[in-house]
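**Q** Next come the chains, spelled out residue by residue.
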Amino acid sequence: MDIFLTEKHRIIRHTVKDFAQREILPIAKEIDEEERFPWEVVDKMAALGYFGIQAPKELGGAGMDTVSYIIIIEEISKASASLGLCASVHNSVALYPILEFGNKSQHEKFIPELASGKKIGAFCLTEPNAGSDASAIESTAIKNTKIDGEYYTVNGNKVFVTNGGVAATCLLFVRTDPAVGAKGISVIIAEKGTAGFVVGERENLSGMRANPVCSIRLSECKIHKSNLLGKEGQGLKIGLAALDTGRIGIAAQAVGIAQAALEEGIKYAKERVQFNVPIAKHQSIQNMIADMGTQVESSRLMVYRAALLKDMGKPFSKEAAMAKLMASETASRVADMAVQIHGGYGYSKSYPVERYYRDARVTRIYEGTSEVHRMVIARSLLS
Amino acid sequence: MGLNIITCVKSVINNILPGSNRSSSANMELNPFDRPAVEIALSLIKEHGGNLTVVSMGPKPATFGLYQAISIGADRAILICDPSLKESDTYITAKVLGRALQRLQPFDLVLFGTRTSDSDTGHVGPQTAQMLDIPFIGNIHSLALSQKKEKEAADNGIKQEQDKKIADTAIRQERIETNWIVERKADGYIEKFEVKVQNKAGSAFSVSSAVGGTDFTSLYGIERAFTDKSIECWDNSILGLTPEETGLVASPTKIVAWNKEKRLKRCLFIDGTPEQKAENLAQKLSEAGFAG
Chain Z
85 MDIFLTEKHR IIRHTVKDFA QREILPIAKE IDEEERFPWE VVDKMAALGY
135 FGIQAPKELG GAGMDTVSYI IIIEEISKAS ASLGLCASVH NSVALYPILE
185 FGNKSQHEKF IPELASGKKI GAFCLTEPNA GSDASAIEST AIKNTKIDGE
235 YYTVNGNKVF VTNGGVAATC LLFVRTDPAV GAKGISVIIA EKGTAGFVVG
285 ERENLSGMRA NPVCSIRLSE CKIHKSNLLG KEGQGLKIGL AALDTGRIGI
335 AAQAVGIAQA ALEEGIKYAK ERVQFNVPIA KHQSIQNMIA DMGTQVESSR
385 LMVYRAALLK DMGKPFSKEA AMAKLMASET ASRVADMAVQ IHGGYGYSKS
435 YPVERYYRDA RVTRIYEGTS EVHRMVIARS LLS
Chain L
21 MGLNIITCVK SVINNILPGS NRSSSANMEL NPFDRPAVEI ALSLIKEHGG
71 NLTVVSMGPK PATFGLYQAI SIGADRAILI CDPSLKESDT YITAKVLGRA
121 LQRLQPFDLV LFGTRTSDSD TGHVGPQTAQ MLDIPFIGNI HSLALSQKKE
171 KEAADNGIKQ EQDKKIADTA IRQERIETNW IVERKADGYI EKFEVKVQNK
221 AGSAFSVSSA VGGTDFTSLY GIERAFTDKS IECWDNSILG LTPEETGLVA
271 SPTKIVAWNK EKRLKRCLFI DGTPEQKAEN LAQKLSEAGF AG
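Top line first, the protein sequences correspond to chains Z and L.
Sequential numbering of the first sequence, starting at 85, is according to the numbering used here.
Sequential numbering of the second sequence, starting at 21, is according to the numbering used here.
What the hints contain is simulated information worked out from the structure, not anything from laboratory work.
There could be a bad hint or two in this list.
To be verified - As a list, the in silico PhoX-like pairs of lysine-lysine whose alpha-carbon atoms are at most 25 Å apart:
#1 Z:K227 to Z:K354
#2 Z:K351 to L:K282
#3 Z:K276 to Z:K227
#4 L:K249 to Z:K92
#5 Z:K230 to Z:K315
#6 L:K285 to Z:K354
Model the full assembly from the supplied sequences, consistent with the hints where possible.
**A** Below you can see the structure in the form of structure tokens.
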């Protein structure tokens, strides 16, 4: 399947797989059940460069390409989707936009601490009344020019913030000019510890339970204007660029979950005996395995294509959307079939497919729902 | 300056799929038994300074294991690769490695893994040491440079920078004086060796698989391996070997049959309280050589 990968990419896969199997897999069940963010493993990931995968070397990153990035996210997610999510969001929708739209002093201030994993990043777009319709956000950041014009006063509520409970550097989508609709949306880099930056309760989610997904409340929070990313009014542009890249990561994450479900399905089908033969001998099970394998491979190829296009500097937005749609729906279907192969045991927490089933479901929702992705793809095909 | 260490490694085949090419970078990896030898070399260099060269003999895809080794921190990598080396037995492999290592003299140490995960002979380390006429200890668990000699090694390094001729003499003096303190575990005992190397070109050890294994390769290391380093390829002409001297044709030992071993499965029930069961199980596993 990976015939077009380079030797370097294969070494990356080999290396990350080794790390994930030895360090992440043994605790994956426990951190899901205990809703625990495993700092002891996250710190190791940080030291190995997993939080600055594509950041330039001169700013403390590993300086790798997008194909390397998706291989890493897939392998981490295969062991623990919660940690794959943490790395994906940090790298592609927190660090990347600062790199792409930030100025030199913002690069120097924020990138090294993010790339080294000393600080974890988050992307705060969703609000109680703004999800797929990002232009409906209500949070505001108002510069009071009558006083000194140096600070924005930020007020608002952000929900479902991935990494929210541990993030120290958050990209906040806010209205800097409430009068002009979508063009008044901007991105401000908020730092944990600023007065008025309040981390709310952890969401009690169905899956991704080791990731501290929280709400974040901004209450009269004063943030210096030097933390404005890009220009005022560029918020949606930055958001869409971040999500284009983020989609590839989430798609890779979905491939990782699907691959894990496929492997567990095969393993169990060979072990479980019914009607005096392993159930893998039954054609109905074989059909499921065949469909699972085919769909996983198709998804992975689409994810590689989107990543390769990005590395080649070519347009990849449609391909990333297609990859995310395909991979996330595949992850849900494949995890569902893996549960079915396991029968009653698959519905029990004794087997990991139950976790894959819960984790897979949200890949069709976050960083753009399947429906929004169909909109993006259709718009591109019909233009 | 510092230590000049060579670690011989192999890229092993980790997964042969039906109908696939036997060796390609898709199914090769650094022999897991060689990694401890690379790690112990790097820890010595971290302590005393110097550099590590990794040497491998194999087909082109064997660069995989060498890139893995330089990703961990090796400074230089050499692949001995020539079509005529194909199907060499362990004797010829050791002969070729020995020839390559002579070109890399002077060095302080040659390290090997104890065996390989794909052929499991354990011959190459000791045979290569024999080819070089240097002492060898197998399956070592720890390796240290005696503190008294460390300073001399450093002084020699300074001389080496100043004057190569003096340095050559100095390095020979260093070899006369160098003491390696080596420990190996065997039969429930820890053997401690002092290895003095007199008028010889270094010492050779194979490193137990129980050593190291706690480090992980970083993404920074992989990126550095592929951007700042390259793998040197040495063929027969560089080593002064002819096709008649290498490969299957020259190999004194030949595998004449290769059949899958039939393993007998046995089911054993262990009775008693949970504590007794655990105790009995541990004992049975120990007796069978799987634990302990």
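**Q** State for each hint whether it applies.
**A** Structure-based check of all given hints:
{"no.": "1", "hint": "Z:K227 to Z:K354", "result": "64 Å, violated"}
{"no.": "2", "hint": "Z:K351 to L:K282", "result": "23 Å, holds"}
{"no.": "3", "hint": "Z:K276 to Z:K227", "result": "20 Å, holds"}
{"no.": "4", "hint": "L:K249 to Z:K92", "result": "12 Å, holds"}
{"no.": "5", "hint": "Z:K230 to Z:K315", "result": "21 Å, holds"}
{"no.": "6", "hint": "L:K285 to Z:K354", "result": "18 Å, holds"}
In summary, the structure is inconsistent with hint 1 from the numbered list given earlier, while agreeing with all the others.
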